[in-house]
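Taken in sequence, the protein lines are chains A and B.
So the mapping is simple: our numbering equals the position in the first sequence, first residue as 1, plus 455.
So the mapping is simple: our numbering equals the position in the second sequence, first residue as 1, plus 455.
Calculated from the structure, these hints are not laboratory results.
Owing to the predicted nature of the structure, the values given are computational and were not obtained by experimental measurement.
There may be inaccurate statements among the hints.
All copies of an identical chain are treated as equivalent in the list; a pair is satisfied when it fits inside any one copy or across any two copies.
As the list claims (entries may be wrong) - Derived DSS-like pairs (lysine-lysine); straight-line CA-CA distance at most 27 angstroms: (1) LYS504 - LYS593; (2) LYS634 - LYS463; (3) LYS500 - LYS586; (4) LYS546 - LYS720; (5) LYS721 - LYS513; (6) LYS772 - LYS458; (7) LYS593 - LYS458; (8) LYS634 - LYS546.
Protein chains: 2
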Amino acid sequence: MFKPTTIKDIAKALNLSTSTVSRALRGGYEISEETKKIVLEYAEKVNFKRNPIALSLKERRSYSIGVIVCEVANQFFSQAIDGIESVAYSKGYHVIISQTHDSYEREVINVEHLANRSVDGLLVSLSAETKDYSHLEKLHDQGLPIVFFDRILNSMNTHKVSSNNFKGAFEATEFLISKGCKRIAHLANASQLSITAERQKGYEEALRQHHIPIDKELIKYCKHGGRDQIEVEIAVREFLSHDNPPDAIFVASDRLSTGCLSTMKKYATHHHDILVAGFSNSELVELLNPSLSYIRQPAFEMGEKAAEMLISIIESKYPIEEFESIMLDTTLHPNGV
Amino acid sequence: MFKPTTIKDIAKALNLSTSTVSRALRGGYEISEETKKIVLEYAEKVNFKRNPIALSLKERRSYSIGVIVCEVANQFFSQAIDGIESVAYSKGYHVIISQTHDSYEREVINVEHLANRSVDGLLVSLSAETKDYSHLEKLHDQGLPIVFFDRILNSMNTHKVSSNNFKGAFEATEFLISKGCKRIAHLANASQLSITAERQKGYEEALRQHHIPIDKELIKYCKHGGRDQIEVEIAVREFLSHDNPPDAIFVASDRLSTGCLSTMKKYATHHHDILVAGFSNSELVELLNPSLSYIRQPAFEMGEKAAEMLISIIESKYPIEEFESIMLDTTLHPNGV
DNA sequence: ATCGATGCCGGCATCGATTGCGCATTTTTT
DNA sequence: AAAAAATGCGCAATCGATGCCGGCATCGAT
């Protein structure tokens, strides 16, 4: 069937040994200019490409990095992936993308799959459901380079890239307060995620500084990250049907933001009275109705940084001792009213 | 660094040969139950996983399939990828995703990259810029299985999956006519794409059947598929500033649809007088303002079908002679007015 | 008792590319 | 002119897993 030319074919055709061909093809300090020219020309002619799989076996590495995200349909992640790819390609690495759909089982399967010597390192943003991290810790202990981005595992000693979630949440909440809102609800992601805790702290701190009491009934978590629309819908409808309903909602993530708006449009007759601000990297935000004030994360840059860090670990000669945590700033985009 | 246990390590530890261990690990009809048990237990204990790279080298295949799309941020493609993955995983294949960003150069690089014996087959949706298909034809001639979906290359003799673009376009245009529109513009994708031609035919046929003259000035192509927002903006602004401007726009693809709406919101003071209908698989469509009537493609199913077809070619013992072209129906979702 | 049949397992080559070592020549040095 | 150095290239091992072939023992049959 599909059978590309190998170094052996060239050797046979040119009546040389495979070693000579191999050396002629790369550097080749020990090969005469003449032979080198013959080999290179012939290789070009038969469109020779070295077999990366054979190389991986020999070199015990694959020049590819694995990316674990909840889903590529999420614009934050697709932008981050663009950043990852731009760095990876420029350094000669493949990128293999794997989606967890915020499921713990899928995360375990995908991580094991990728780790098994087919990637040189892993870029991970945790699934919303994940509470047990042993699948990652085991691999990391065995020496597989791992860098976290966005949804971080604080307890693991490695590089991490995140955005300033506390500040982003704080600014968004303060913006809602500045618009006169007094009862601000918080629609949050799964409680075990790093981003959830950080964003909730920012939200609470803003309320505190403006002397607005924190009402636990106005904070709801989506433990599957809004994997099913219904999960978001239930939470938002509880807000809406509250005896003393909120006059604003601060939403902690992309998927939840749009889910929240859909629900409001569907069920709230008076939805223009409720301001919504949330994290979103969607390019369609400005076209939404009800409108959404949004906090944007520098997804592309986060991807770039994470990929650079991972590749630096992979290519480091010695075990890394000192690990970095990078935090990038978000931007607030007010909208509506 | 990262060094997983190999079959050799097990052999040494158990004082057996590698062949025995190998056979004990899989079926092993020639190995005594006793040795088999010892090997399996030890393998389990040291968490042995066979090295897929070594296997790929030996078997001359990788159990992975490559997917070439313009970008994963596009919901149509991310949904198609979900379909592809669901089939691929269930049959034991990896999925490697590669983005062209509608650039011809990137397509060539990515295709070559994947083809080089690291994938067993390719699932391709052409880039908007691509006019020369030799990079794909060469590989196909060499025997690499290729299946097209969505953006098809008609001249290549292989399986193809598309949606009924003609019918979808026809219905959307007819819908606009039924709403009383008389001057319906068409914002199209790159002219060499299969979907562009099919959708344009549907549009023109609807006009013809309703005795509306076809005005070539009301048809504009985006030859980079709307890779840059500015490309769409220029086209739409030309529509808007026309002496006799359109009262509706039929848009041929997802990215163009949203780009069109943005531009209208930005520049058209009277944008509510212009109806817009277009292809879109975005989950946010219902929340858009200006509103959009949309044609939805069965992206997930298209991905499933394409993956099934590709895997059937890969696993077929004999060269396939008869190729299929599958066409799935779209659905129209009217909105606004 | 000898031969054949089986059961169980090890040796070796293989997939494609790389590389240390070593063997020829040729060129340079003394 | 003889010794030393340099040049150009081939042999064989290696990476991990597999599978053909062949060896050795045990058993039953003739």
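Hints and how they fare:
1. LYS504 - LYS593: So LYS504 and LYS593 pass the 27 angstroms test across copies only (14 angstroms; inside, 36 angstroms).
2. LYS634 - LYS463: Neither. Shortest intra-copy (73 angstroms) and inter-copy (68 angstroms) distances fail the 27 angstroms Cα cut-off.
3. LYS500 - LYS586: between (55 angstroms within a copy, 24 angstroms between copies)
4. LYS546 - LYS720: neither (46 angstroms within a copy, 41 angstroms between copies)
5. LYS721 - LYS513: For LYS721 and LYS513, the Cα distance exceeds 27 angstroms both inside one copy (59 angstroms) and across copies (57 angstroms).
6. LYS772 - LYS458: between (36 angstroms within a copy, 15 angstroms between copies)
7. LYS593 - LYS458: between (38 angstroms within a copy, 13 angstroms between copies)
8. LYS634 - LYS546: neither (47 angstroms within a copy, 54 angstroms between copies)
Figure legend: structure checked against the earlier numbered hints; hints not met, in rising order: 2, 4, 5, 8.
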